[in-house]
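Start from the sequences, fold in the hints, and give me the full structure.
In order, the protein sequences belong to chains L and U.
Going left to right, the first sequence walks through residues 6 to 397 as my numbering numbers them.
Going left to right, the second sequence walks through residues 6 to 397 as my numbering numbers them.
Treat each hint with caution, since some may be false.
If chains are identical, the list can't say which one is meant, so a pair holds when it fits in one copy or spans any two.
Heads up, simulated DMTMM-like pairs for lysine to aspartate or glutamate below, C-alpha to C-alpha not over 25 Å straight-line [unchecked claim]: (1) LYS203 / GLU388; (2) LYS242 / ASP270; (3) LYS8 / GLU45; (4) LYS242 / GLU334; (5) LYS7 / GLU355; (6) LYS242 / ASP300; (7) LYS7 / GLU172; (8) LYS75 / GLU384; (9) LYS242 / ASP292; (10) LYS75 / GLU307; (11) LYS203 / GLU307; (12) LYS297 / GLU82; (13) LYS242 / ASP288; (14) LYS7 / ASP270; (15) LYS242 / GLU283; (16) LYS8 / GLU172.
Because the hints were derived from the structure by calculation, they are not lab data.
There are 2 protein chains.
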Amino acid sequence: MKKIAILGSTGSIGQSTLSICESYPDRFRPIALAAGSNLEVAFEQCRRWHPQLVSISTERLADQLRTLLKSAAISTEVVHGTAGTVRVATLPEANFVVSAIVGVAGLEATYAAVLAGKTVGLANKECIVAAGDLILAAARERGVALLPIDSEHNAIHQCLRGGAPNEVRQIWLTASGGPFRNTPLSEFEHITPAQALKHPTWVMGQRITVDSATMLNKGLEIIEACRLFNLPPSQVKVTVHPQSTIHSLVEYVDGSILAQISVTDMRLPILYALAWPERIPSDLTFDMTALKQLDFQTPDLERFPCLRLAYEAAAASQAHCIALNGADEVAVAAFLSGRLSFLGIPRTIESVLSVTASASPASIPEVLQLDQSARALAEQVIEQHHPYLITH
Amino acid sequence: MKKIAILGSTGSIGQSTLSICESYPDRFRPIALAAGSNLEVAFEQCRRWHPQLVSISTERLADQLRTLLKSAAISTEVVHGTAGTVRVATLPEANFVVSAIVGVAGLEATYAAVLAGKTVGLANKECIVAAGDLILAAARERGVALLPIDSEHNAIHQCLRGGAPNEVRQIWLTASGGPFRNTPLSEFEHITPAQALKHPTWVMGQRITVDSATMLNKGLEIIEACRLFNLPPSQVKVTVHPQSTIHSLVEYVDGSILAQISVTDMRLPILYALAWPERIPSDLTFDMTALKQLDFQTPDLERFPCLRLAYEAAAASQAHCIALNGADEVAVAAFLSGRLSFLGIPRTIESVLSVTASASPASIPEVLQLDQSARALAEQVIEQHHPYLITH
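Okay, here's the thing in structure tokens:
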């Protein structure tokens, strides 16, 4: 029986993780949950699972949750805030931590889980983008397994079983290419938030959907892959594959390429991570007889400058990766609120990166400080360059 | 340094194996060669490699080869016939045997290599089709690794590294579908040898090209996969994939599928087998940036009755697999010489299978005897049913 702590239990990955626990009651038991701010869902999860420990965002919500639990005669301990999330991540009884809090908010707890020697299922790519050096060094030192849960890196993890690390020539991340992979470049300046929020394959949150349209999302995955699999940016390639059927590929030195194919359902990488090193039966079946056509094209770096910026950040320093991620989040918010054009997103990021100094933060507070500086700088850039950045 | 014995050194796989040895002189040295009847090539190979031992088909050719070697002051020992091939396969100094003699002719030597504890690279699918039970039992008993060299099974071998044997749900062999995958069924009766000998992807020998057109070739691969990977026929599926880019796939119980992609060059599976368990760098690079489109379709068992017959033989007994292979070779020869129609090939095989008794031969002579009976029966069927089988 694996005892699971879930950071971000009320989010989409958290709920999918609980649905996997539901399907395999003899194998996986959630014993600690870090919820967001959704009191109702947090309470329902406690009622269903009776975890030892639950954390919720604020003290006020924690009080409310305690009252609800008491009236339902559920003895779950309630904590709150970042300290609460860290307690969930380090609960001694848990041996597997799912890190699924979106953004840098999950950073401290994820790092704490690694330091505590937990096996970690990583669904939060910002953790590795912003603090990959720190987290990977700690994981290596403690012999902690980091199992990627996003579909591309999970696919790479599977394909890497086909050879030794030093037998890898390069890896290929597949990208859907987003809604604009065939849009004429001349129309990019006028792309609206409504257009950018339509993703062809996955239904996701707003930021990640826009990141998918700019391919910054794939840029973050490039950085994540470099850190997770210890590869230089030159060995992490991208191929545009609109059907998202092949989730990624590993090319070995002998010329063989292994690819992973599966349904586009996050429960599969979650199950893979939870069950690892075993594979256990599921009904998440990919219907090979329905497979008709797979298409591929080389990504156009002119159309998608965010990809180029990510390669540059990955090659530059950890501080540049933090800046790329922070500046993008600010720029996407500005785009969605009509303060910035679509092309203003890469322009803002490029401006922020151009004044970022190389650095390797030695602690999570340092990472968070660099993140804050980058965000402030991005706001400033958007404010000052308004006429240039907004053209529609 | 791996010391290699090559059964079938003058054939296409044999020559490709020597070209790999040429590229990696510090890793692979051919020390024993079993040639066919091509004296000139056999002599050239001895001149180039100075093997300890060479075998050639007949005593007369052996005498001629001895004379040539003597005049060139090369001290290679020359033997001949099946006994000679067995000596090559069991030479104590060799630790890797490439089995690449086409047809059942390679059977005895391949079995001898396994009994002698050699690691065997298998390019001869008839060995496993006709004597899979025997060879696999011997390999298991002696802990001998059998490394498949044909591209599909080699791909499966690679993809199987992604999980444990009991975690495999089923495997998918890809098939080009041959030249007639879109030909109207009404035209099948009138397919000529010239049409059947045009293969869209691979350039191969005549029998295997016709077998590819009838998909009997894929049928033999189904049987081979059942034996090599210890799977029932129901767990070995076929998908038609005209580009032959994905060489095969393994579907795991959790729903993940791993696929292998590479150039269509036999040197790659040969290198993989020779280097295993390592992978070593090669210039056999698949150009991912040139990858545009991959197509798939479900094979039509009405169009390709040979596939159905192979499934039936695999499920029936080893004797049925021997009969399928022997009857096909006779039927293909009759088709190529104009004595049999294209559809007469499956009809002949079906007739032979229908009168084959279930049996599990316990020795290679028994296998060869069953093979001879099946061939004789096929000749008889073709002779007797002439008007029905030939319609063009």
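Check each numbered hint from earlier against the structure, then list the numbers of those it violates in ascending order.
Failing hints, ascending: 1, 5, 8, 10 and 12.
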